[in-house]
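One letter stands for each residue in the lines below.
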Amino acid sequence: MIGQIAFILVLLITGGIAFKKYSTLRRNILLGKDEEISGDTGERIKNVVLIAFGQKKMFKRFIPALFHFFIYAAFMLTQIELIEIMIDGIFGTHRFFRNGLGGFYTFLISFIEILSVLALVATFIFLARRNLLKTPRLHMDEMSGWPKLDANLILIGELILVTCIFTMNGTDEVMHRNAGQGSYGFAISSGLGPAIFGGMSSGTLHVLERVGWWGHILMVFGFILYLPFSKHLHILLAFPNVFYSKLTSRGEMKNMPSIMNEVKSMMGLVEEDPNANQGEMEELPKFGANDIFDLSWKNILDAYTCTECGRCSSVCPANITGKKLSPRKIMMDVRDRAEEIGNNLDTNNLECVKEDKKEGTTKLTPDIYDDGKTLFDYISNEELHACTTCNACVEACPVTIDPLDIILQLRRHEILDLAAGPSDWTPMFTAIENGGAVWQMSDDRDKWTKE
Amino acid sequence: MSDLKKLKIDTMADFSARGEEPEILFWVGCAGSFDARAQKVSVAFVKILNEVGINFAILGNEESCTGDPARRAGNEFVFQMTALQNIETLNMYKVKKIVTACPHCFNTLKNEYPALGGNYDVIHHTQLLQELINDGRIKMKEGGVFKGKRITYHDSCYLGRVNGVYEAPRKVLEQLDSELVEMKRCKTNGLCCGAGGAQMFKEDEPGDKRINIERIEEAMEVNPDIVAVNCPFCLTMMTDGVKAKEKQEDVMVYDLAELIVQNNGI
Ligand code: SF4
Ligand code: SF4
Numbered sequence: 001m002i003g004q005i006a007f008i009l010v011l012l013i014t015g016g017i018a019f020k021k022y023s024t025l026r027r028n029i030l031l032g033k034d035e036e037i038s039g040d041t042g043e044r045i046k047n048v049v050l051i052a053f054g055q056k057k058m059f060k061r062f063i064p065a066l067f068h069f070f071i072y073a074a075f076m077l078t079q080i081e082l083i084e085i086m087i088d089g090i091f092g093t094h095r096f097f098r099n100g101l102g103g104f105y106t107f108l109i110s111f112i113e114i115l116s117v118l119a120l121v122a123t124f125i126f127l128a129r130r131n132l133l134k135t136p137r138l139h140m141d142e143m144s145g146w147p148k149l150d151a152n153l154i155l156i157g158e159l160i161l162v163t164c165i166f167t168m169n170g171t172d173e174v175m176h177r178n179a180g181q182g183s184y185g186f187a188i189s190s191g192l193g194p195a196i197f198g199g200m201s202s203g204t205l206h207v208l209e210r211v212g213w214w215g216h217i218l219m220v221f222g223f224i225l226y227l228p229f230s231k232h233l234h235i236l237l238a239f240p241n242v243f244y245s246k247l248t249s250r251g252e253m254k255n256m257p258s259i260m261n262e263v264k265s266m267m268g269l270v271e272e273d274p275n276a277n278q279g280e281m282e283e284l285p286k287f288g289a290n291d292i293f294d295l296s297w298k299n300i301l302d303a304y305t306c307t308e309c310g311r312c313s314s315v316c317p318a319n320i321t322g323k324k325l326s327p328r329k330i331m332m333d334v335r336d337r338a339e340e341i342g343n344n345l346d347t348n349n350l351e352c353v354k355e356d357k358k359e360g361t362t363k364l365t366p367d368i369y370d371d372g373k374t375l376f377d378y379i380s381n382e383e384l385h386a387c388t389t390c391n392a393c394v395e396a397c398p399v400t401i402d403p404l405d406i407i408l409q410l411r412r413h414e415i416l417d418l419a420a421g422p423s424d425w426t427p428m429f430t431a432i433e434n435g436g437a438v439w440q441m442s443d444d445r446d447k448w449t450k451e
Numbered sequence: 001m002s003d004l005k006k007l008k009i010d011t012m013a014d015f016s017a018r019g020e021e022p023e024i025l026f027w028v029g030c031a032g033s034f035d036a037r038a039q040k041v042s043v044a045f046v047k048i049l050n051e052v053g054i055n056f057a058i059l060g061n062e063e064s065c066t067g068d069p070a071r072r073a074g075n076e077f078v079f080q081m082t083a084l085q086n087i088e089t090l091n092m093y094k095v096k097k098i099v100t101a102c103p104h105c106f107n108t109l110k111n112e113y114p115a116l117g118g119n120y121d122v123i124h125h126t127q128l129l130q131e132l133i134n135d136g137r138i139k140m141k142e143g144g145v146f147k148g149k150r151i152t153y154h155d156s157c158y159l160g161r162v163n164g165v166y167e168a169p170r171k172v173l174e175q176l177d178s179e180l181v182e183m184k185r186c187k188t189n190g191l192c193c194g195a196g197g198a199q200m201f202k203e204d205e206p207g208d209k210r211i212n213i214e215r216i217e218e219a220m221e222v223n224p225d226i227v228a229v230n231c232p233f234c235l236t237m238m239t240d241g242v243k244a245k246e247k248q249e250d251v252m253v254y255d256l257a258e259l260i261v262q263n264n265g266i
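Listed in order, the protein sequences are those of chains H and Z.
Each residue of the first sequence is one higher than the one before, counting from 1 in this note's numbering.
Each residue of the second sequence is one higher than the one before, counting from 1 in this note's numbering.
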């Protein structure tokens, strides 16, 4: 009874905190601009099945993909077991599904056990890879500090979790046998249990079983609350992120209708609307993006989905040749900036109210937000200028993130709003504008046909 | 280029003056028009078109930059100006089908002009070349100059990864009596030459190495006699890379159209 009450309490508290944290997450993502998601839903679902569930893009690198798949499959299947744990916890039952499912239950738990062992092996390998092998993509500059700790914490958490599962099943097995009810017949714990816990007294067994059970569920609850702070958020967000990824050609940069229409009217291609722009001039339009508010919510969802795996940066030609640009860092920067803004909103930090709105304002809202910073405080021009728009990062990302889209929006801001950018580009712009060619040429364009 | 005299190159204006329409428009692009090395590719491609008797036109002085480098640098104004100008011209001549030897022009014409009101059927010259070979209109001479040579193919980003065209150029190369060897990073994993995203028009950002050097070193690993490319900017970058490695005696960089012309002695 006390166990049940304790469990329900922990469940409610976890649920409450999780609700708050995930609502904040949603709010942060929606700080981005609206973006119309168009295209065939069927194709989107197909992508989710192949890329998110099937991990199709992961398997471009087979070995890590395989080990990652063990952890992933164990995680997915454990969810079934979790339902049982919830029911047992609330109603004080023991292995609630066993009676109803019979042989299938034995199969299911056995399967989970085998996957857990594979996941355990994978976890050891990943820990070694991260800390001993020094795989280059896991050791770039942006990975020091929290990102590294985050990766290790979760792997250690995984170890504890698997230990708890086997303590729980192993001791339960022994108690089951001691009670004369025979073996559960689970693949691993039916052998492992008696081998480790065989000689223990029933009191010790009982305590250990509870420790395993509680340890398991508390790790899971902890994990749920930890996710929003971690790169492991991808286990949830990969699904919507893949679903909402663009289906149109990679080669198409988003059109800017405002500029198109202005140029059209400059060139006399449209009838001037006599009523347009009369009277009050609207606020000067802002081009491209220099902060979270100008990016689309999909860009921010991308950032929160990033697994920090560095597949993008390891194929980025700029990064490979020692330039500062790392597409992974772009994604991490966007997430950090979204978090910074989110925190200021949550704490109602009135310092961050726009100068001209400060007076009388008691509540900080996104539309009056100005903390004097922008994304350019996180991402340098040097990084932006190094991109060749080769799309290697887009191709490489296992969860269909598009770092290039963000880079190009920042470039647009730099050139159109700040009139900055590499000075080398100015002659090219002028040449196109005045002569219709990327180089300033005195020859005719068709001279090559005549000489 | 004395043999230019033999070539037949009409402009859209010529066609329209005669009240005729060409089968296809050859979009030459800035590099194909002005860059000395890329001009040779334009000539080679025209030779093939003439040889198989395709009725084509160029825009000549009515063609402008598609705007790709300006747009990717972030300058949407300049892009819109040149793009809308081009669309005006193309629509005035009622152009339906376009072929180009530049994957950047190809991408912009195909994927970006529709949103601005320019809808055309656009193909890259390697796709047209493959079609012509398939239809038997280009017959590759056997035992040509490339017999026994090792050729490696460099995927351009905008033809390959961006537009998913990996096979057509390889099919063309397989027709040469030579050995096609792949670099470690090829097809979807192909490494950029370093020119895209308007990098061609600026100094590199600080780093350890130029991207074209990284790429040419990778090409060298498969000991090619020829590096085949499909893009005028890759052509420049790879050629510079070969020069930097002082290998210009051993390794040649050619566009696919040039290889066909040489093989068949057109
Ligand atoms: S598109 Fe830019 S950021 Fe992405 S891999 Fe290529 S150079 Fe790197
Ligand atoms: S953007 Fe994609 S490929 Fe790059 S680190 Fe994030 S998840 Fe990995």
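Think of the hints as simulated: they come from the structure by calculation, not from any bench.
A hint or two may mislead.
Which bits of chain Z does chain H cover? Going by a derived footprint, with three or more residues having C-beta under 8 Å, they are [to be verified]:
no.	segment
1	34-45
2	52-65
3	78-86
4	108-114
5	153-163
6	192-199
7	232-241
Note that beta-carbon positions come from the ideal geometry of N, C-alpha and C, so glycine has one too.
So, against the hints stated earlier in the document, which numbers end up violated here? 7
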